[in-house]
Amino acid sequence: GAGVSQSPSNKVTEKGKDVELRCDPISGHTALYWYRQRLGQGLEFLIYFQGNSAPDKSGLPSDRFSAERTGESVSTLTIQRTQQEDSAVYLCASSLNPADTQYFGPGTRLTVL
Amino acid sequence: QKEVEQDPGPLSVPEGAIVSLNCTYSNSAFQYFMWYRQYSRKGPELLMYTYSSGNKEDGRFTAQVDKSSKYISLFIRDSQPSDSATYLCAMSLPSGGSYIPTFGRGTSLIVHP
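Each protein sequence line maps, in turn, to chains G and A.
Going by this note's numbering, the residue at position 96 of the first sequence is 248; the numbering climbs one at a time, nothing skipped.
Going by this note's numbering, the residue at position 87 of the second sequence is 425; the numbering climbs one at a time, nothing skipped.
Hints were generated in silico from the structure; no laboratory data involved.
Each hint should be verified, as a subset may be incorrect.
No farther apart than 20 Å at their CA atoms in a straight line, the calculated lysine to any residue pairs in the SDA-like style are these [claimed, not checked]:
{"hint": "1", "chain 1": "A", "residue 1": "Lys394", "chain 2": "A", "residue 2": "Lys380"}
{"hint": "2", "chain 1": "A", "residue 1": "Lys380", "chain 2": "G", "residue 2": "Asp176"}
{"hint": "3", "chain 1": "A", "residue 1": "Lys380", "chain 2": "G", "residue 2": "Leu191"}
{"hint": "4", "chain 1": "A", "residue 1": "Lys380", "chain 2": "G", "residue 2": "Pro213"}
{"hint": "5", "chain 1": "A", "residue 1": "Lys380", "chain 2": "G", "residue 2": "Ser247"}
{"hint": "6", "chain 1": "A", "residue 1": "Lys380", "chain 2": "G", "residue 2": "Lys167"}
{"hint": "7", "chain 1": "A", "residue 1": "Lys340", "chain 2": "G", "residue 2": "Lys163"}
{"hint": "8", "chain 1": "A", "residue 1": "Lys380", "chain 2": "G", "residue 2": "Gly223"}
{"hint": "9", "chain 1": "A", "residue 1": "Lys394", "chain 2": "A", "residue 2": "Ser430"}
{"hint": "10", "chain 1": "A", "residue 1": "Lys394", "chain 2": "A", "residue 2": "Gln369"}
{"hint": "11", "chain 1": "A", "residue 1": "Lys380", "chain 2": "G", "residue 2": "Ala154"}
{"hint": "12", "chain 1": "A", "residue 1": "Lys380", "chain 2": "G", "residue 2": "Leu173"}
{"hint": "13", "chain 1": "A", "residue 1": "Lys380", "chain 2": "G", "residue 2": "Lys169"}
{"hint": "14", "chain 1": "A", "residue 1": "Lys394", "chain 2": "G", "residue 2": "Asp252"}
{"hint": "15", "chain 1": "A", "residue 1": "Lys394", "chain 2": "A", "residue 2": "Lys340"}
{"hint": "16", "chain 1": "A", "residue 1": "Lys340", "chain 2": "G", "residue 2": "Asn162"}
{"hint": "17", "chain 1": "G", "residue 1": "Lys169", "chain 2": "G", "residue 2": "Ser210"}
{"hint": "18", "chain 1": "A", "residue 1": "Lys380", "chain 2": "G", "residue 2": "Arg233"}
{"hint": "19", "chain 1": "A", "residue 1": "Lys380", "chain 2": "A", "residue 2": "Val449"}
{"hint": "20", "chain 1": "G", "residue 1": "Lys169", "chain 2": "G", "residue 2": "Ala240"}
{"hint": "21", "chain 1": "A", "residue 1": "Lys380", "chain 2": "G", "residue 2": "Asn162"}
{"hint": "22", "chain 1": "G", "residue 1": "Lys169", "chain 2": "G", "residue 2": "Asn249"}
{"hint": "23", "chain 1": "G", "residue 1": "Lys209", "chain 2": "A", "residue 2": "Met386"}
{"hint": "24", "chain 1": "A", "residue 1": "Lys340", "chain 2": "A", "residue 2": "Tyr377"}
{"hint": "25", "chain 1": "G", "residue 1": "Lys209", "chain 2": "G", "residue 2": "Gly223"}
{"hint": "26", "chain 1": "A", "residue 1": "Lys380", "chain 2": "G", "residue 2": "Lys209"}
{"hint": "27", "chain 1": "G", "residue 1": "Lys167", "chain 2": "G", "residue 2": "Ser247"}
{"hint": "28", "chain 1": "A", "residue 1": "Lys340", "chain 2": "A", "residue 2": "Lys380"}
{"hint": "29", "chain 1": "G", "residue 1": "Lys163", "chain 2": "G", "residue 2": "Ser210"}
{"hint": "30", "chain 1": "A", "residue 1": "Lys380", "chain 2": "A", "residue 2": "Pro432"}
{"hint": "31", "chain 1": "A", "residue 1": "Lys405", "chain 2": "A", "residue 2": "Ser446"}
{"hint": "32", "chain 1": "A", "residue 1": "Lys340", "chain 2": "G", "residue 2": "Ser210"}
{"hint": "33", "chain 1": "A", "residue 1": "Lys380", "chain 2": "G", "residue 2": "Phe197"}
{"hint": "34", "chain 1": "G", "residue 1": "Lys163", "chain 2": "A", "residue 2": "Thr440"}
{"hint": "35", "chain 1": "G", "residue 1": "Lys209", "chain 2": "G", "residue 2": "Asn162"}
{"hint": "36", "chain 1": "A", "residue 1": "Lys408", "chain 2": "A", "residue 2": "Lys380"}
Counterexamples of contact, computed for chain G against chain A with all Cβ distances above 10 Å [what the hints assert, rightly or not]:
{"hint": "37", "residue": "Glu196"}
{"hint": "38", "residue": "Asn204"}
{"hint": "39", "residue": "Ala251"}
{"hint": "40", "residue": "Gln254"}
Positions of the beta carbon are idealized from the N, C-alpha and C atoms, including for glycine.
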């Protein structure tokens, strides 16, 4: 079946611009996660959605970062006024339930010039 | 001190070698231990999943958890060039805690023919 998809696969933007990244989870998965992976670093948790519960935003690094999820489907991660340190791969994962295996998308590679 | 420490490598071995990958951690409350494999420009995929202490074997892969030493290992027997990837350890709290795993930074493995 279809896995987690993310778009765009690559995004190059200028410092100060806003960007929007999209994640399509596996159908039926109630939990959705966003992570950031800087070059040579591990995955840094950003935000977690579970069903209709309030999202866990504890990993968002600043108020320039926000995310939304429509029901149990698509999620968008928005970064406003991008900075060079935002350059990273942004990974989305979904799981059937919170404690289940997370399935990752291929990521969006963001480069801020 | 980071919660999860992992040597980034790279670790270069000849084909057929036994590979040992390791992580140490500081939070004794972690109960679930995972190893992910990440190929270049791809999202991580779950390789092994272990609950609490002990060993788990799956084909050429063996995961070990030593909670008393706060140390986990992944062994790869008869390594193949196709095993060349970054291996990330991850761990999470027991049910009722946060399901969000804490990741190591990953070890880059190169298996040369």
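Going through the hints against the structure:
At most 20 Å may separate the alpha-carbon atoms for a hinted pair to count; lysine 394 of chain A and lysine 380 of chain A exceed this at roughly 26 Å. Only pairs whose Cα atoms come within 20 Å are accepted, and lysine 380 of chain A paired with aspartate 176 of chain G is accepted, the gap being roughly 16 Å. Proximity of lysine 380 of chain A to leucine 191 of chain G is assessed by CA-CA distance (about 13 Å); at most 20 Å being required, the pair is judged to hold. Of the pairs offered as hints, the one joining lysine 380 of chain A and proline 213 of chain G is violated, with about 24 Å between alpha carbons and a cut-off of 20 Å exceeded.
Between the alpha carbons of lysine 380 of chain A and serine 247 of chain G the distance comes to roughly 18 Å, so the proposed pair stays at or under 20 Å and holds. Pair hint lysine 380 of chain A plus lysine 167 of chain G does not hold up; C-alpha atoms about 26 Å apart against a cutoff of 20 Å. For the hint linking lysine 340 of chain A to lysine 163 of chain G, the alpha-carbon distance of about 30 Å lies beyond 20 Å, and the restraint is violated. For the hint linking lysine 380 of chain A to glycine 223 of chain G, the alpha-carbon distance of about 26 Å lies beyond 20 Å, and the restraint is violated.
Using a Cα cut-off of 20 Å, the hinted pair lysine 394 of chain A and serine 430 of chain A holds, with the two alpha carbons roughly 17 Å apart. As the CA atoms of lysine 394 of chain A and glutamine 369 of chain A are separated by approximately 15 Å, the hinted pair is consistent with the 20 Å bound. Restraint check: the Cα-Cα separation between lysine 380 of chain A and alanine 154 of chain G comes to about 15 Å, which is no more than 20 Å; the hinted pair holds. With a C-alpha separation of about 16 Å, the suggested pairing of lysine 380 of chain A with leucine 173 of chain G holds against the 20 Å cut-off.
A C-alpha spacing of about 26 Å is found between lysine 380 of chain A and lysine 169 of chain G, which places the hinted pair above 20 Å, so the restraint is violated. Proximity of lysine 394 of chain A to aspartate 252 of chain G is assessed by CA-CA distance (about 18 Å); at most 20 Å being required, the pair is judged to hold. Between lysine 394 of chain A and lysine 340 of chain A, the direct Cα distance comes to roughly 26 Å. Violation of the 20 Å bound is thereby established for this hinted pair. Proximity of lysine 340 of chain A to asparagine 162 of chain G is assessed by CA-CA distance (about 30 Å); at most 20 Å being required, the pair is judged violated.
Restraint check for lysine 169 of chain G and serine 210 of chain G: the C-alpha separation of about 24 Å exceeds 20 Å, so the hint is violated. Simply put, lysine 380 of chain A and arginine 233 of chain G have alpha-carbon atoms about 27 Å apart, too far for the 20 Å limit, and the pair is violated. Between the alpha carbons of lysine 380 of chain A and valine 449 of chain A the distance comes to roughly 18 Å, so the proposed pair stays at or under 20 Å and holds. Among the hinted pairs, lysine 169 of chain G with alanine 240 of chain G is consistent with the structure: their alpha-carbon atoms are about 16 Å apart, no more than 20 Å.
Pair hint lysine 380 of chain A plus asparagine 162 of chain G holds up; C-alpha atoms about 12 Å apart against a cutoff of 20 Å. A distance of roughly 35 Å separates the Cα atoms of lysine 169 of chain G and asparagine 249 of chain G; the hinted pair therefore is violated under the 20 Å criterion. Only pairs whose Cα atoms come within 20 Å are accepted, and lysine 209 of chain G paired with methionine 386 of chain A is rejected, the gap being roughly 28 Å. Between lysine 340 of chain A and tyrosine 377 of chain A, the direct Cα distance comes to roughly 24 Å. Violation of the 20 Å bound is thereby established for this hinted pair.
About 17 Å separates the Cα atoms of lysine 209 of chain G and glycine 223 of chain G, which keeps this hinted pair within 20 Å; it holds. Distance restraint check for lysine 380 of chain A and lysine 209 of chain G: the Cα-Cα separation of roughly 25 Å exceeds the 20 Å cut-off, and the hinted pair is therefore not satisfied. Distance restraint check for lysine 167 of chain G and serine 247 of chain G: the Cα-Cα separation of roughly 33 Å exceeds the 20 Å cut-off, and the hinted pair is therefore not satisfied. In summary, the hint linking lysine 340 of chain A to lysine 380 of chain A is not supported, as the alpha carbons are separated by about 25 Å, beyond the 20 Å threshold.
Between lysine 163 of chain G and serine 210 of chain G, the direct Cα distance comes to roughly 25 Å. Violation of the 20 Å bound is thereby established for this hinted pair. A threshold of 20 Å between alpha carbons decides the hint, and for lysine 380 of chain A with proline 432 of chain A the separation of about 28 Å lies outside it, so the pair is violated. Distance hint between lysine 405 of chain A and serine 446 of chain A is unfulfilled; the C-alpha atoms sit about 24 Å from each other, more than 20 Å. Of the supplied pair hints, the one linking lysine 340 of chain A and serine 210 of chain G holds, its CA atoms being roughly 18 Å apart against a limit of 20 Å.
For the hint linking lysine 380 of chain A to phenylalanine 197 of chain G, the alpha-carbon distance of about 17 Å falls within 20 Å, and the restraint holds. Using a Cα cut-off of 20 Å, the hinted pair lysine 163 of chain G and threonine 440 of chain A is violated, with the two alpha carbons roughly 27 Å apart. A threshold of 20 Å between alpha carbons decides the hint, and for lysine 209 of chain G with asparagine 162 of chain G the separation of about 24 Å lies outside it, so the pair is violated. Of the supplied pair hints, the one linking lysine 408 of chain A and lysine 380 of chain A is violated, its CA atoms being roughly 29 Å apart against a limit of 20 Å.
A beta-carbon of chain A is positioned within 10 Å of the beta-carbon of glutamate 196 of chain G; the least distance is around 8 Å. Every CB of chain A lies more than 10 Å from the CB of asparagine 204 of chain G, the least distance being 17 Å, so the non-interface label holds. In this structure alanine 251 of chain G is not separated from chain A by more than 10 Å, as the shortest Cβ-Cβ distance comes to only about 5 Å. With a least beta-carbon separation of about 7 Å from chain A, glutamine 254 of chain G fails to lie farther than 10 Å from that chain, contradicting its non-interface assignment.
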